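Construct all of the structure, not just a fragment, from the sequences and the given hints.
There are 2 protein chains.
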Amino acid sequence: GLTMAPLAGAANLPRLRWRMVTSWPNSLDTIYGGAEDVAKYVSQLTGGRFRIRPYAGGELVGGLQVLDAVSADTVEMGHTASYYYIGKSPALAFDCTVPFGMTTRQQNAWQMQGGGNELLNKEVFSQFGIMSLPAGNTGVQMGGWFRKPVPDLKSLQGLKMRIPGFGGKVMAKLGVNVQTLAGAEIYPALERGVIDAAEFVGPYDDQKLGFYQVAKYYYAPSWWEPNAQLSVYINNKRWASLPRQYQDALRIACAAANWNMVAKYDAKNPPALKSLMSKGVKLEKFSNDIMTAAQKAAFEIYDGLNQTDPTWRKIYGEWLKFRNMEFAWAAADQLVYESFAFPQVPLKDL
Amino acid sequence: GLTMAPLAGAANLPRLRWRMVTSWPNSLDTIYGGAEDVAKYVSQLTGGRFRIRPYAGGELVGGLQVLDAVSADTVEMGHTASYYYIGKSPALAFDCTVPFGMTTRQQNAWQMQGGGNELLNKEVFSQFGIMSLPAGNTGVQMGGWFRKPVPDLKSLQGLKMRIPGFGGKVMAKLGVNVQTLAGAEIYPALERGVIDAAEFVGPYDDQKLGFYQVAKYYYAPSWWEPNAQLSVYINNKRWASLPRQYQDALRIACAAANWNMVAKYDAKNPPALKSLMSKGVKLEKFSNDIMTAAQKAAFEIYDGLNQTDPTWRKIYGEWLKFRNMEFAWAAADQLVYESFAFPQVPLKDL
Numbered sequence: 313g314l315t316m317a318p319l320a321g322a323a324n325l326p327r328l329r330w331r332m333v334t335s336w337p338n339s340l341d342t343i344y345g346g347a348e349d350v351a352k353y354v355s356q357l358t359g360g361r362f363r364i365r366p367y368a369g370g371e372l373v374g375g376l377q378v379l380d381a382v383s384a385d386t387v388e389m390g391h392t393a394s395y396y397y398i399g400k401s402p403a404l405a406f407d408c409t410v411p412f413g414m415t416t417r418q419q420n421a422w423q424m425q426g427g428g429n430e431l432l433n434k435e436v437f438s439q440f441g442i443m444s445l446p447a448g449n450t451g452v453q454m455g456g457w458f459r460k461p462v463p464d465l466k467s468l469q470g471l472k473m474r475i476p477g478f479g480g481k482v483m484a485k486l487g488v489n490v491q492t493l494a495g496a497e498i499y500p501a502l503e504r505g506v507i508d509a510a511e512f513v514g515p516y517d518d519q520k521l522g523f524y525q526v527a528k529y530y531y532a533p534s535w536w537e538p539n540a541q542l543s544v545y546i547n548n549k550r551w552a553s554l555p556r557q558y559q560d561a562l563r564i565a566c567a568a569a570n571w572n573m574v575a576k577y578d579a580k581n582p583p584a585l586k587s588l589m590s591k592g593v594k595l596e597k598f599s600n601d602i603m604t605a606a607q608k609a610a611f612e613i614y615d616g617l618n619q620t621d622p623t624w625r626k627i628y629g630e631w632l633k634f635r636n637m638e639f640a641w642a643a644a645d646q647l648v649y650e651s652f653a654f655p656q657v658p659l660k661d662l
Numbered sequence: 313g314l315t316m317a318p319l320a321g322a323a324n325l326p327r328l329r330w331r332m333v334t335s336w337p338n339s340l341d342t343i344y345g346g347a348e349d350v351a352k353y354v355s356q357l358t359g360g361r362f363r364i365r366p367y368a369g370g371e372l373v374g375g376l377q378v379l380d381a382v383s384a385d386t387v388e389m390g391h392t393a394s395y396y397y398i399g400k401s402p403a404l405a406f407d408c409t410v411p412f413g414m415t416t417r418q419q420n421a422w423q424m425q426g427g428g429n430e431l432l433n434k435e436v437f438s439q440f441g442i443m444s445l446p447a448g449n450t451g452v453q454m455g456g457w458f459r460k461p462v463p464d465l466k467s468l469q470g471l472k473m474r475i476p477g478f479g480g481k482v483m484a485k486l487g488v489n490v491q492t493l494a495g496a497e498i499y500p501a502l503e504r505g506v507i508d509a510a511e512f513v514g515p516y517d518d519q520k521l522g523f524y525q526v527a528k529y530y531y532a533p534s535w536w537e538p539n540a541q542l543s544v545y546i547n548n549k550r551w552a553s554l555p556r557q558y559q560d561a562l563r564i565a566c567a568a569a570n571w572n573m574v575a576k577y578d579a580k581n582p583p584a585l586k587s588l589m590s591k592g593v594k595l596e597k598f599s600n601d602i603m604t605a606a607q608k609a610a611f612e613i614y615d616g617l618n619q620t621d622p623t624w625r626k627i628y629g630e631w632l633k634f635r636n637m638e639f640a641w642a643a644a645d646q647l648v649y650e651s652f653a654f655p656q657v658p659l660k661d662l
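Sequence lines, in order, name chains A and B. Taking the numbering used here, the leading residue of the first sequence gets 313, the next gets one more, and so forth. Taking the numbering used here, the leading residue of the second sequence gets 313, the next gets one more, and so forth.
Treat each hint with caution, since some may be false.
If chains are identical, the list can't say which one is meant, so a pair holds when it fits in one copy or spans any two.
To be verified - Below are the PhoX-like pairs computed for lysine-lysine, each with C-alpha atoms no more than 20 Å apart in a straight line: (1) K660 - K591; (2) K586 - K485; (3) K594 - K481; (4) K633 - K586; (5) K580 - K633; (6) K549 - K660; (7) K633 - K660; (8) K400 - K520.
These are calculated hints, taken from the structure and not from any lab test. Please read all numbers here as calculations on a predicted model, not as lab measurements.
Okay, here's the thing in structure tokens:
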């Protein structure tokens, strides 16, 4: 049936204007596009009554101040990567990625159907007066750009590499001279040889920043970012003030934006890799001794935090159990198919 | 800012009641749950004004009559798997899965960011007066239940196996005696030895149907269903009659439901596999000679259709190009990580 009678509920829905600060330059249509998707979907879903305006990093607050800004209610919401804030609480990394952690679908399964999102909001984000919703993912990233080959563990000794977060902590344990640089500083530092290597995201984003012009060796995989989830942060008081229908709109918009970003990366990375290789980029794989040593170093860090950080301990056991179940199941089925099918198409045929 | 003034637009949104027929028993909370999610989200997003009621297969129309029912406007919409209807047009399989085709994320990337959904709606679904939106995915399925091991290609000769769709066509080329049975008929046929093998979905759904009690050998992977996308079908005239805001709600609800189902399968399959193995199920892998022969047979079928079926030809080239790009990129990065990380957790530790 269909009636045109107006509804009291709809008429009472407020006009809202919210600001969403992000950590991204708006030149990255993938990752900044995730914030734009959330805003667009919420507007579409509410007939334009609830409008969210995204801001590039630095426009209202610095790109790494998103958590602080939402926590302090300077802005209503943000779009960022939780591992930027592991200095405040290492467990925030579980909301984004950790070295040798879960892949994109596994991370999403833990968040949405494995109790992960509830656990993180209850035990971690509540400490900052905010909540987090998954709202984008880059997929597994690339291991970055190197001016010279790094064929083995020994070749990492003293290497000056730009790599943030837990990946940097692991690299430091392997003897790397870890550098912290903002995205815009990477290219000139690589060009002048101030650093020997840098990681960013993957072929599509990396090509835009031009790293291939100053470092020819492109390594796979980013064992430190087997997925990288981006999150919408919402101030808890602002969330509580929303009508239920707007909460639902925001939650469903984030879920849709989450996977639209994955689809975008998956569609755009292959032609970008093809383009990079036509420009002389050498695709390399990290050696087994590097991968093995890095994994050992990563779990030493996790075990240490489990002794010293009560918030970490509340998440880590649950996370590890879910990860291990996912790995065993994926090895039993998905990986069997992929190992047969994927390598049959050579990169040169891209 | 926040004002409470009523909006003309909102007040004019109609109350709608739509019916959504499905192909699923409502005992499968995963796959039928996808239809329920779409209905729930749309209701939440419209303040209950646009309500969709899902029906289990057989309630209003038979489980394999969803396309016909939506095409004929018997009901406004449906939730089904497009490969059920390859007898009408083989190209419908691209909306769900084909043997040795794309995995879940790749399928979604093609549909949402690679032009696949537009292409399928324009060239295939328009012939039936309907449109399709991705609204769920099982992930890669399992290769099914066998009463005896099938260690090599020779052992498939004359094997009586329940396997529908293109998978069945490929198996027939390999010498399998292909059987067509509805889901509910599989268990008794396996039990009585009327069939030697049957495929269904994966650990969580399969366990519910009890196949492990009558066939102990559980094979991986389902090379014939490396993903299986479920779709919402909407009658084109009904879609055109919707206010724009309801079209957006339906589209965004499907996108969110699509990935909630993937997360559900990814979270529920590992403990189900653990449970099955504790009941004596033997996990096996298809041999390389079976996989290789099956792939050859599959592409012979595709190449044949490319000669004879104009609709198939409009999709296949685009699809194959996208698939090959995805495979090469995934082999270069994602597979390197997964091959290192996943096998380290033995199934016995599940």
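Against the structure, the hints come out as follows:
1. K660 - K591: within (13 Å within a copy, 46 Å between copies)
2. K586 - K485: Neither way: K586 and K485 sit 34 Å apart in one copy and 36 Å across, limit 20 Å.
3. K594 - K481: Intra 26 Å, inter 42 Å, cutoff 20 Å: neither.
4. K633 - K586: For K633 and K586, the Cα distance is within 20 Å only across copies (13 Å; inside one copy 38 Å).
5. K580 - K633: between (33 Å within a copy, 14 Å between copies)
6. K549 - K660: Answer is neither; intra-copy 53 Å and inter-copy 46 Å both fail.
7. K633 - K660: between (39 Å within a copy, 14 Å between copies)
8. K400 - K520: Neither way: K400 and K520 sit 31 Å apart in one copy and 45 Å across, limit 20 Å.
Of the numbered hints stated above, those contradicted by the structure are hints 2, 3, 6 and 8, listed in ascending order.
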